[in-house]
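Chemist: Make a model of the complete structure from these sequences and hints.
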Amino acid sequence: MDKLKKAYEQTKKAIAANQASGNFIGNFITWFFSWGHGVFLAIASIFMVITVVLTIILAFEENKRYQRQDCSCAMFDIDGDHQLTDSVLKWEDDVKQELQAQGLPADRWLLPTLGIIQAESDGREDRLPDIMQSSESQGLAMNTISDPQESIKAGVSHLSNVISLADENDITDQSTIYASYNFGTNFIHWMVKNDYDRWDIDMAEKYSRTVVFPAVTGRPASEATEERHSNPWSKKAGKEYYIRNGGNFHYANNVNYVIGNARADGNCSCEGVGPNNIQLDGEFALPFAGDYVVTSEYGIRWGRLHSGIDLVPYDDNIRATADGVVAQAQYGHNSGRGNMVVLDHGVYQNSQLLSTYFHLNEIYVKEGDKVKQGDLLGLQGWSGGVLPPGPAGKHLHFEYYFNPVGSTVLDRSNTVNPREVRDFK
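First residue of the sequence shown: 2, per this note's numbering; consecutive thereafter.
Keep in mind that the hints were calculated from the coordinates and are not lab data.
Using 27 angstroms as the maximum straight-line C-alpha spacing, the simulated DSSO-like pairs for lysine-lysine come out as follows: (1) Lys-240 - Lys-194; (2) Lys-97 - Lys-367; (3) Lys-236 - Lys-207; (4) Lys-207 - Lys-240; (5) Lys-207 - Lys-194; (6) Lys-395 - Lys-373; (7) Lys-97 - Lys-154; (8) Lys-91 - Lys-154; (9) Lys-426 - Lys-373; (10) Lys-237 - Lys-207; (11) Lys-395 - Lys-426; (12) Lys-367 - Lys-395.
If you anchor each label on the Cβ, the simulated ranges turn out as follows: (13) Pro-233 - Ala-393: 50 to 56 angstroms; (14) Glu-363 - Arg-220: 50 to 56 angstroms; (15) Arg-423 - Glu-241: 44 to 50 angstroms; (16) His-230 - Gly-369: 43 to 49 angstroms.
This one's a predicted model, so the numbers in the text were calculated from it and none came from an experiment. Don't be surprised by glycine CBs; every beta carbon is placed ideally from N, CA and C.
Modeler: Listed below in structure tokens is the structure:
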């Protein structure tokens, strides 16, 4: 209260000075405070109490909004529903250590790598010391590697190369990565050349028949023969055969089966409210303020899915469309996306809702940051694959993903037309 009285005395002096100068604002202030300092102090005190109460309430709600609940939303769960054998699971620590050494997140790639080991050797080093069958990926003859640890090191290196190549070509489909581990990285180059952006069993069979078989045998695809290949995943695909000397076009389904297909798709559930389960209220905002132009719509473009909407706002400041957590914030992303931000908005309409912001010139957030609707994320730009290249191609490529709950993987098949989420011009 002493501070308030002092402030009041200073205010009275200011009022007197303003009266003497004939200042309009000063006269208004004089009139306002003519009620007396008692009223002023009462109002100020009430205002301070209200401010303190509101601050406490908002802080409590903010903490409740973001508190972590006891839920598991990891991409893969080693304790989940899988068919991995004990002879494979014994390599868990070795694989996890090698993944970390080569910069691959173990929570995402441990289970798939173990699935690859099961598909290749069932982890039985007594029968196949090259347990990841990685000799050929190093330019060596099959089964040259005789040490399981060396096999894991080379296999993880090969897997890392496959992931990087897929990423460079905007391919985020897990099954493509598994298939390319088996077929080799040329599989991804072939996919891109033939306008595929995700794996399916028919295209894998086509590659096996028309690319691998001729390369291995020197004979035309028309001479390829089928051999019986019956197991749960080939039965499910309705293709109980493989192409002799054509590789294993069932490989991706094999890995998916042994690691648990539902987990492979990133499905999980969370209860309560937390960073992975933010409850959204109200409208989704535009990712910027002011006027803008739409330059390209969601849909098939040049033979492949353009999975977002291209926008050119007059204001370069790019903002969050809704509250969320920054799932990715990457400079120099080695793909057409350029500098990018991905926001995880939590569970919305029984899906994990993501929004993406590509081709930025500047990024102002980092992974893990909590953002509010309208918060500044970065600056519109022309990084990555824009047409025309350089400043003339400046725009924001904006997407919405409705993923399985718990998944923040950018798979084009989970995108929706942004116009289904909010209105654009």
